[in-house]
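*Asks:* The primary structure of each chain is shown beneath.
Number of protein chains: 4
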Amino acid sequence: MPQKPDLPLPEAERRRVGYAIVGIGELSAGELIPAARTSEHAYVAALVTSEPEKGRAFARAYDLTDDDVYTYDRFEDLKDREDVEAVYIVLPNSLHREYVERAARMGKHVLCEKPLSVNAAEAQAMVDACREAGVLLMTAYRCQYTPHHWAARDAVQGGKLGRVKLLDSIHGQVEDDPEAWRLKRDLAGGGPLPDVGIYCLNTIRFVLGQEPEWVFATLHQPGGDERFREVEESVSFMLGFPGGVVANCLTSYGTQKTATLRVLGEGGTVLMDPAFTYQGLSLTISDGQGDFQPKLPDEDQFGLEMDHFARCIRGGKTPWTPGEEGVQDHRIMDAIYESARSGQVVRLERVEGKDAFRGEQPQVPGRE
Amino acid sequence: MPQKPDLPLPEAERRRVGYAIVGIGELSAGELIPAARTSEHAYVAALVTSEPEKGRAFARAYDLTDDDVYTYDRFEDLKDREDVEAVYIVLPNSLHREYVERAARMGKHVLCEKPLSVNAAEAQAMVDACREAGVLLMTAYRCQYTPHHWAARDAVQGGKLGRVKLLDSIHGQVEDDPEAWRLKRDLAGGGPLPDVGIYCLNTIRFVLGQEPEWVFATLHQPGGDERFREVEESVSFMLGFPGGVVANCLTSYGTQKTATLRVLGEGGTVLMDPAFTYQGLSLTISDGQGDFQPKLPDEDQFGLEMDHFARCIRGGKTPWTPGEEGVQDHRIMDAIYESARSGQVVRLERVEGKDAFRGEQPQVPGRE
Amino acid sequence: MPQKPDLPLPEAERRRVGYAIVGIGELSAGELIPAARTSEHAYVAALVTSEPEKGRAFARAYDLTDDDVYTYDRFEDLKDREDVEAVYIVLPNSLHREYVERAARMGKHVLCEKPLSVNAAEAQAMVDACREAGVLLMTAYRCQYTPHHWAARDAVQGGKLGRVKLLDSIHGQVEDDPEAWRLKRDLAGGGPLPDVGIYCLNTIRFVLGQEPEWVFATLHQPGGDERFREVEESVSFMLGFPGGVVANCLTSYGTQKTATLRVLGEGGTVLMDPAFTYQGLSLTISDGQGDFQPKLPDEDQFGLEMDHFARCIRGGKTPWTPGEEGVQDHRIMDAIYESARSGQVVRLERVEGKDAFRGEQPQVPGRE
Amino acid sequence: MPQKPDLPLPEAERRRVGYAIVGIGELSAGELIPAARTSEHAYVAALVTSEPEKGRAFARAYDLTDDDVYTYDRFEDLKDREDVEAVYIVLPNSLHREYVERAARMGKHVLCEKPLSVNAAEAQAMVDACREAGVLLMTAYRCQYTPHHWAARDAVQGGKLGRVKLLDSIHGQVEDDPEAWRLKRDLAGGGPLPDVGIYCLNTIRFVLGQEPEWVFATLHQPGGDERFREVEESVSFMLGFPGGVVANCLTSYGTQKTATLRVLGEGGTVLMDPAFTYQGLSLTISDGQGDFQPKLPDEDQFGLEMDHFARCIRGGKTPWTPGEEGVQDHRIMDAIYESARSGQVVRLERVEGKDAFRGEQPQVPGRE
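Protein chains in written order, with my numbering: chain A, 10 to 377; chain B, 10 to 377; chain C, 10 to 377; chain D, 10 to 377.
Chain A with its partners taken away, still in its complex shape (with noise of 0.2 Å):
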């Protein structure tokens, strides 16, 4: 299983963390297998696929050999491939429990696609099952690993804006393959809320740095279109914080593309528009003096993700996003369809203290 064995290689790519892909998607062929190049400390290592051949035409085009593609009944065969060191599970939300616990029992760190599970009691048994295996486990929220949305955050928490008031955020797209997996209750876990709208949900809490307090929400899942016989079309919700700080959000499958931020202090705003795109993003900071758009650099929001938990790995430390992250936001979507159904207010658990479910702080490019 030679490694680039023949070439040199400079130190830090030597102890760059080896990664399986798991599933071939969408995602993985287009973003994640490609954004590995753009990685300093992360390599694709092994692919996992049920095509074996797409696969293999893949292992080819990435520089694997056929010996790296592995069908999902010889998963625990990368248990012996040294060089794998982490898996990214990107599979759908139904299946991230088994592989997340198959891959902790093989003692591979896992990075584990948005949202975490299915639901709060899903994810938390994969937690555990992480944490008892000894291995780190991190939710794969990359809105949380860019210049763009630290620097967002950076303006809010350092008081550009003042005392923080109001928030709001949108995130909408059409899904219109009614075959889709992610509209498949079994498979999905829900509709755009766990797909789409956790990113309203989680940005907010990652530029807040506090978690809600109650929740309430309504959803609209319209009768006579395929689509949606499974899932919600769209859920509007409202997020309490603490101080009487609340957010809007708005998700849905069933409008134009739209991805935005606002948060609303007495001395300024931020607007991000867009807010959760891979590329393009756009902030604006406004105060009394004007509105500022900072020049940040615009980088692989996948590959940042890959490197922040590679060197968690290397350096033994707790990933900035780890699946309580994860776990959280399932509690927050589960209090929030909880709501829907039942058109009233549902309070959370009082969480005290920021980033109550972060860990290390991720090296931000451009950021000191």
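The hints are simulated quantities; they were obtained by calculation from the structure and are not laboratory data.
Note that the structure is a prediction, hence the values are computed from the model and not measured.
Any given hint might turn out to be false.
Where chains are identical, the list cannot tell them apart; a pair therefore holds if satisfied intra-copy or between any two copies.
[Claimed, not checked] In silico PhoX-like pairs for lysine-lysine, Cα to Cα no more than 20 Å straight-line:
| # | residue 1 | residue 2 |
| --- | --- | --- |
| 1 | Lys363 | Lys169 |
| 2 | Lys363 | Lys326 |
| 3 | Lys63 | Lys266 |
| 4 | Lys363 | Lys304 |
| 5 | Lys169 | Lys266 |
| 6 | Lys169 | Lys304 |
| 7 | Lys88 | Lys63 |
| 8 | Lys88 | Lys363 |
| 9 | Lys304 | Lys266 |
| 10 | Lys193 | Lys169 |
| 11 | Lys63 | Lys326 |
Given chain A, work out where chains B, C and D should sit, using these hints.
*Replies:* Coordinates of chains B, C and D only, in the frame set by chain A:
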């Protein structure tokens, strides 16, 4: 009381409607009175004020005489002023009812600033009084008369966005004078909701042409801030419309000026930002083809509404935003406050039909 | 001729400078006269027009009497109007000289619209006449008085862009009335260059505080278009400044409204777009940190220049843009036309020193 | 030399054109080679470099073998590589001719980076050599292949702007490495003009489909700056087109990154800002109706040009931007330098017809 007697006026001018402006505060002085000069069908014929010296200075500045200035105790003297066909009420909200009713009793038509009153019951009484007196009553909703807002409405109702799914609107600004009448419950009837939040509510209703079926709201009234001893600082509210359409709104007296409106459809979006300012309104209509900012005349908004009401008076028509339109906003705001108090969803009476509370469509510059 | 006699005016008002507006065309009626109302230090005391009825209508509309309206043959009657301390010349360019000289002979200070005249020789004669008469002469360059243009200049001169290397400016619009005086060479002295292109030229000189050393230009006068029988449709010109700094400019009567200014430095750029409109000026200052749109007051530009001249009259100071400033633009425009005729570079007399033709710095709102 | 032999490739892939990339500098490594992966019709089959270790590292990273790496002295060994049908020359400008000619002699088609050469004579020799050898030669003008630039051209040529009157373009950036080959006259043939200014020139010619009749230019080469001992820092140039249309252009190695293109017509304008970047191109088409930003695919620009050339090779067609297109830019740049030297307008040979130097129109994504 000769009005420009010695200059042969064009026919159109001779038939212009003379208004008495009741209350010379910042809005009258800075916007309404100057706006009247841009009006084709209206002019300022008299001023009513508690400060006669200030009134006389204004009178001279605007081609009136000292005899055109009235104090409130001489309000009824306007009855004999045949040239004063309408009064424009620009007083603190709690005084609207009294002066609308006194004007109605004199047989004068009434244009009344928004909010129409301090609650739905008071507002309905005003409508009833005007009906009985046989005078027209119009609520001064300037954002239902501009080329920009009509272009937004036309895009939505003409199907450019496909089916509308969700809306989002914010209107906040800093109110920092603790002595402002807007912060006194008795005078204002509420805080930012009836003052600036009403724009979100009213414009959403206008753009959709429909009425909400339920509301949910929460508000924040910070302790220790003398400005907010009597009224709330912020309100977050959700409006449920027929067919599962939901609008999220934020309004505040504690945030940097922000005024936005977004309509999300399956095939496109409308964005106004700023959406409610006196000048510089910006509209982008997006669909699968791209983003479009139509070139629209930047008319004086107060001039447009004074013109519309003047035409309605001449033509004996119900204005586009009659008193009933103002009553309906009060019903919804009453429900918003009730929801914030109770923590429960509040259902509204079902209203059928499009533009159920509106009258004669205005002529909008640049619109066919 | 009592001016507002019966109202006790604040001291500041009593000392306001009364202007006679000479010429009631579109600019006077739509901008200058309304602007005077926003002025702290100036007011309109008289009107001079060839259409006395129109003048009287205006007079009444603006708190003047019929006695404040003069025809051109009665121009010298203004001499006895002590309250008229200044005249504002808003006539076709070729008439500027005559009326400036007649005003000067009456001892009235003169604010004259741009371009000051029809060529440098005529313009210089006007400067000489005013000097001999002991009255102040100011060229009405509104873009040297706004917060936006001063912020651009301050960024450039304060080093925010590093060394300035290149500039680029465009000012074009469609002139479609073949009968407009602006298209008659005798009246206008040229086509778009002295009318709108002068903004590019004058604002570049203002922002740099330096004078060009050479020009190169080409112009286009299309055959078969009756509008351009006498004057050019477009001019492209290049200005060479000390140190190798070059500015490219375009001006036209044949293009959709475009008004831009860009300053390129080694460490940053300034962009104004639109750069020369009456309202809605937009300024972006970019450097290595990002893009910044300063929040600046959107003042009435004509009010600002009338105020400045009033202060200069009161204080006995040379205005920031005196007649000499207008002469210099004519020298450069003369050279531009000469270059276009000859196809050769035309050298200009070298001018040392900064702001060589300017006087007392204006007070600019929002600038320390 | 089996190329992906064991994987059944789709027909389209089997017929993809294999390129040898000649020169692995920043552009090849960062853009061209990754771009080849996005190409439908092209792939990288070999690398030519003076640094074989670097080449082998790249080879492995991109699915090639050590045998696919060549040094310059082994360049002719490519002759026998049947799978290498084209070479892509990415060398300092002064080496283009030698390698184009060596490639042509081997019967390989040649895609050559812009500028085609160091002057028109050299460039013409390259065209002649390729014609004699019976191979295709294409100049790599990426901005003639993007959806954005074609949409700009279509708007201009389709009459959306009415008659075009004037154009304006800027392309500047900071070159701060005094050792860069781009600053050596022998290697580069000039300074910013042939490197970045060529985009202004070439894109204006493309958008108009016409050729300039004359040029005027001035350049600045500051003393005391070691970077500009051999080449200019900045060039300002004016291009005269048929019918009085004039374009003003600025280019520099001494200004913050700026890349704009503006086309001014009597009924509308086109603005690209940025106009020449690898990503994030922005296009606004304005007319009397408003401003429109069409939604266009953001394709990899290098992939698009490699694809086009591959299709031409397969179809035996002259590429859209053949060698002749590159020669013409050199003729104009030669004239620009001559004008800057002489201070005189330089006339160019008259060229009749539209797109006089162009071949087969490319297929542009999203364009019918």
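*Asks:* Confirm or reject each hint.
*Replies:* Hint check:
1. Lys363 <-> Lys169: within (18 Å within a copy, 38 Å between copies)
2. Lys363 <-> Lys326: Cα proximity of Lys363 and Lys326: one copy only (18 Å, versus 60 Å across).
3. Lys63 <-> Lys266: Intra 30 Å, inter 42 Å, cutoff 20 Å: neither.
4. Lys363 <-> Lys304: neither (28 Å within a copy, 33 Å between copies)
5. Lys169 <-> Lys266: This pair counts as between: shortest inter-copy Cα distance 15 Å, intra-copy 30 Å.
6. Lys169 <-> Lys304: both (17 Å within a copy, 16 Å between copies)
7. Lys88 <-> Lys63: neither (23 Å within a copy, 33 Å between copies)
8. Lys88 <-> Lys363: neither (37 Å within a copy, 65 Å between copies)
9. Lys304 <-> Lys266: Classified as between: cross-chain Cα gap 12 Å, same-chain 25 Å, threshold 20 Å.
10. Lys193 <-> Lys169: neither (43 Å within a copy, 30 Å between copies)
11. Lys63 <-> Lys326: The answer is neither: 35 Å in one copy and 34 Å across copies each exceed 20 Å.
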